[in-house]
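Let chain A serve as the given structure and place chain B on it in line with the hints.
Residue numbers (our numbering), protein chains in the order written: chain A, 1 to 680; chain B, 1001 to 1192.
Treat the hints as calculated values from the structure; they're not laboratory data.
Warning: the hint list may mix true and false statements.
Unchecked claim - Okay, derived cross-link-like pairs now, PhoX-like style, lysine-lysine, Cα gap no bigger than 25 Å in a straight line:
| id | chain 1 | residue 1 | chain 2 | residue 2 |
| --- | --- | --- | --- | --- |
| 1 | A | LYS315 | A | LYS230 |
| 2 | B | LYS1113 | A | LYS220 |
| 3 | A | LYS460 | A | LYS220 |
| 4 | A | LYS45 | A | LYS62 |
| 5 | A | LYS315 | A | LYS378 |
| 6 | A | LYS380 | A | LYS62 |
| 7 | A | LYS380 | A | LYS460 |
| 8 | A | LYS220 | A | LYS314 |
| 9 | B | LYS1080 | A | LYS220 |
| 10 | A | LYS378 | A | LYS230 |
| 11 | B | LYS1012 | A | LYS62 |
| 12 | A | LYS611 | B | LYS1012 |
As the list claims (entries may be wrong) - Simulated restraints, written as ranges between beta carbons of each label pair:
| id | chain 1 | residue 1 | chain 2 | residue 2 | range |
| --- | --- | --- | --- | --- | --- |
| 13 | A | ILE640 | B | PHE1149 | 22 to 28 Å |
| 14 | B | ARG1052 | A | ARG658 | 45 to 51 Å |
| 15 | B | ALA1094 | A | ALA665 | 50 to 56 Å |
| 16 | A | TYR521 | B | VAL1013 | 58 to 64 Å |
The C-beta atom is built at its ideal place from N, Cα and C for all residues, glycine as well.
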Amino acid sequence: MENMEKFIFGKLTLDALPHLWYTIGATASILLMGIVFAIILTKTKLWGWLWHEWLTSTDPKKIGTMYLIFAALMFFRGLIDAGMIWIQQAMAADSTGYLSADHFQQIFTSHGDIMVFFVTMGIFFGLMNWIIPLQIGARDLAYPFVNSLGFWLTVAGGILINLFFVVGGDFANTGWLAPAPLSELEFNPGVGVDYLIWSLQLSGLGSLLAGINFIVTIIKERAPGMTLMKMPLFVWTSLCGMLLIITAFPVLTATTLLLWLDRFFGMHFFTTGFGGNQMMYFNLIWMWGHPEVYILVLPAFGLYSEIVATFSQKKIAGYTSMVIAALSITALSYLVWLHHFFTMGAGADVNSFFGIVTMLIAIPSGVQVFNWILTMYKGKVIFASPMYWFMGFVATFMLGGMTGVFMASPPADFQVHNSLFLIAHFHTMIVGVALFGSFAGITYWFPKIMGFTLNERLGKYAFWLWLIGFFVSFIPLYLLGFKGATRRLDHYAASTDWQPLYITAAIGFIIITCGILMQIYQLIVSIKERKLHLDTTGDPWNGRTLEWSTTSPPPHYNFAVIPTVSGRDPFWEMKLQGVQKGRRPGKDYPQKNYPEKEYSEKEYKDILLPKNTAMGIYISAFAFVFGFAVVWHILWLATIGLVGTIVCVIIISFDEHREYILPAAEVAQNEASIKSLVQG
Amino acid sequence: MEENIKVEDDIKVFGFWIYLMTDLIIFAVLFACFIVLRNSTFGGPSGHELFRMSSVLIETLALLTSSFTCSLAMFEIQQKRKNMATFWFAVTFALGMVFLFIEFSEFSELMDKGANWQRSAFLSAFFTLVGTHGLHISVGLLWIIIAIFRVWLRPLSAFNVCNIFRLVLFWHFLDLVWIFIFTVVYGTGHLL
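Excised from the complex, chain A in its bound form (with noise of 0.2 Å):
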């Protein structure tokens, strides 16, 4: 008897559905979401609608939207895990706090996964969405359905890191590398490292897809003229990225296998005994672990440098530069890793290599703010909203560097390791680099989405918001950690005097708390007032690329006609040779004009698109319900969700009508309405 229920509930038991208040609270406002959701779509009778215009979509557009809805989400469950972070320590001199030390793990483990895999990711995997195939003047992705595939992988991923909340309870309170020995099965005997775990199996693997998918696309589907060096910058630094996700992924998944193998199999890579070697997991993680930062900001450095470059009204300066300067930061990143743990001991010629390399990414970042300021200098700069997030980055850019350099150095490093120091360094990066671009080139890119510009007065507020309140928050964590606090610290003495810098650090959240309900008061009023902002010309900042080109929103085919490219600002380019009337560069911003179209009905040609198919949210339902088995050990479960995944994909290899033909007649028809719309 007690063999079958191990049998049909593996570890499950009772105990793992909810009991403790934050499990209970968080089960119930997720079932209460649900509920409000599923009504309000039965009452509007929309359920079709999301399933046949959405979910189910392969145009790349919808699925940028999906993924940034989706990290949007994800956001604000890793902003309450920040708050509750940040309160707990703000409270805990000489006391406990309200918080257990192990839930305080848990939440500073959430919070780091969640914000790095995806939030950050899933913005920027939403914009390269939008942005890269009309950029470089495609109709598409090379894998429309490896794309649909990708994003739904990733979702699965992001419902498996909160599914503890609901069946189990516990989630790793490891830290969000989950290092050995700690997350072995002897000191963790949970499943939280297991949920831990096969999250990132399952998200990882929609990342690695997704970047197959994106180099394929930069590589092969770019314009006629658009050599490698004509591609915008921001195509440059994300195929960079992409690059890195397609080499660093891969040992993720294989660290991460290994580590679920010692726990499942009873295998010894890294545990204590029989041999195992813990250090090897330290490098093996941190292999794909200093990549990942890369992944992180180099697709944000590029499009800083679009911004620039259309706010100064000026071409990029050091086109050429900047795609070395990328490159380089992309080769040296795989030569860094083991600048996360000096004090491994590794001994002194070890460390000064890994410190030199570490130190000589200062040069091409240094190369990338000096041209972006070089940029600006004599341009006619105008200040909006995407300008001011570029200018905060280079100021956070800038002590985020130094204090990067500072700690390259082992002998420095050595006394700030694992420091609030290191905490406050990787946040101004990850904040100040990556968040802020992400800001930035939302608002800058908005309008090409929404097809109305975001109230630029409301957006300057969440800014200044957002940078005091980064400021206040993290300089007190750079004191601290010269002061001698560790990171994950859950209490202290008050003896330290550390208190009231913690306490300084929480006031800085509440500010950036207040810059977030800025931010969604903005989108509010903007919504509300986009009668007022309607962006017509489908060029809102006078525009120097091809994204430009097109309407705002695009149609679903992007261009009507392949466009030819000649030079690096195509669109610029187009503008000033007159091709389409009614435009001067520079001269009168914003544009009111809509580009009169110099095509013919005759060079209007069928057009080949990608169908719906529901078969990326099968194979992501089939691989989550294998994750889930396999963290609790249900056997037959995981066995019915291996074989669905198999069947899924067996049968879409047999589909040879994944596309449809958009005939001619219907494109000229489209487009002759489009313009119709704008002008009347």
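Just chain B now, kept in the frame of chain A:
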């Protein structure tokens, strides 16, 4: 159009090459772990005591031959000869099964000796590296069955031929990985 389908130009084939690179990195990690843990036998048996080179040699020959027959199958598909293609795929499948059978019997023999993956870090790394390759071979075998169905059920259009070509690439890739396993795991294990 009928005679020549340029599989090299297919965009999915290009992407598949990139996928193979990523898979290669997974194997690279496993190789690195194996090399690091090779001497961590923790008092248990070492590779020198365990490996029987004769069966490994047969295994290797079977896999190398299957790579050749797999290429023949692709050649026949390009020539639109369905019967011959099926025949060579069947031979490839049989050789792959021989390989898997020998691998399984080697594994079970080790387990009988008490040299299972829980015995030492060295054996964990050995079973994981060789087993991951074996898992890939199993996927390849499944794919061969599907490819035979594809040959019979579907026209030899560019879509299907390119799919089969990706299988052939995958199979050659596994062959290549095996050569490294033969060298790094069995070869050095036998010699050192």
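How the hints compare with the structure:
The straight-line distance between the Cα atoms of LYS315(A) and LYS230(A) is roughly 12 Å, inside the 25 Å bound, and the hint therefore holds. Only pairs whose Cα atoms come within 25 Å are accepted, and LYS1113(B) paired with LYS220(A) is rejected, the gap being roughly 53 Å. Between LYS460(A) and LYS220(A) the CA atoms are separated by roughly 39 Å; this puts the pair beyond 25 Å, and the hint is violated. Proposed proximity of LYS45(A) and LYS62(A) is supported: the alpha carbons are some 20 Å apart, at most 25 Å.
A threshold of 25 Å between alpha carbons decides the hint, and for LYS315(A) with LYS378(A) the separation of about 11 Å falls inside it, so the pair holds. For the given pair, LYS380(A) sits about 35 Å from LYS62(A) by alpha-carbon distance, which is inconsistent with the 25 Å threshold. Of the pairs offered as hints, the one joining LYS380(A) and LYS460(A) holds, with about 20 Å between alpha carbons and a cut-off of 25 Å not exceeded. Distance restraint check for LYS220(A) and LYS314(A): the Cα-Cα separation of roughly 29 Å exceeds the 25 Å cut-off, and the hinted pair is therefore not satisfied.
Taking the CA atoms of LYS1080(B) and LYS220(A), the gap is near 29 Å; set against the 25 Å cutoff, the hint is violated. Proposed proximity of LYS378(A) and LYS230(A) is supported: the alpha carbons are some 23 Å apart, at most 25 Å. A hinted pair counts as satisfied when its Cα atoms are at most 25 Å apart, and LYS1012(B) with LYS62(A) qualifies at roughly 23 Å. At roughly 17 Å between alpha-carbon atoms, LYS611(A) and LYS1012(B) fall within 25 Å of each other, so this suggested pair holds.
In this structure the supplied range 22 to 28 Å holds for ILE640(A) paired with PHE1149(B), their Cβ-Cβ distance being about 23 Å. Checked against the hint of 45 to 51 Å, the C-beta distance between ARG1052(B) and ARG658(A) comes to roughly 49 Å, which is consistent with it. Under the hint 50 to 56 Å, the C-beta atoms of ALA1094(B) and ALA665(A), about 55 Å apart, fit the expected range. Evaluation of the 58 to 64 Å hint for TYR521(A) and VAL1013(B) yields a failure: the beta carbon distance comes to about 50 Å.
When held up to the earlier numbered hints, the structure conflicts with 2, 3, 6, 8, 9 and 16 and fits the remainder.
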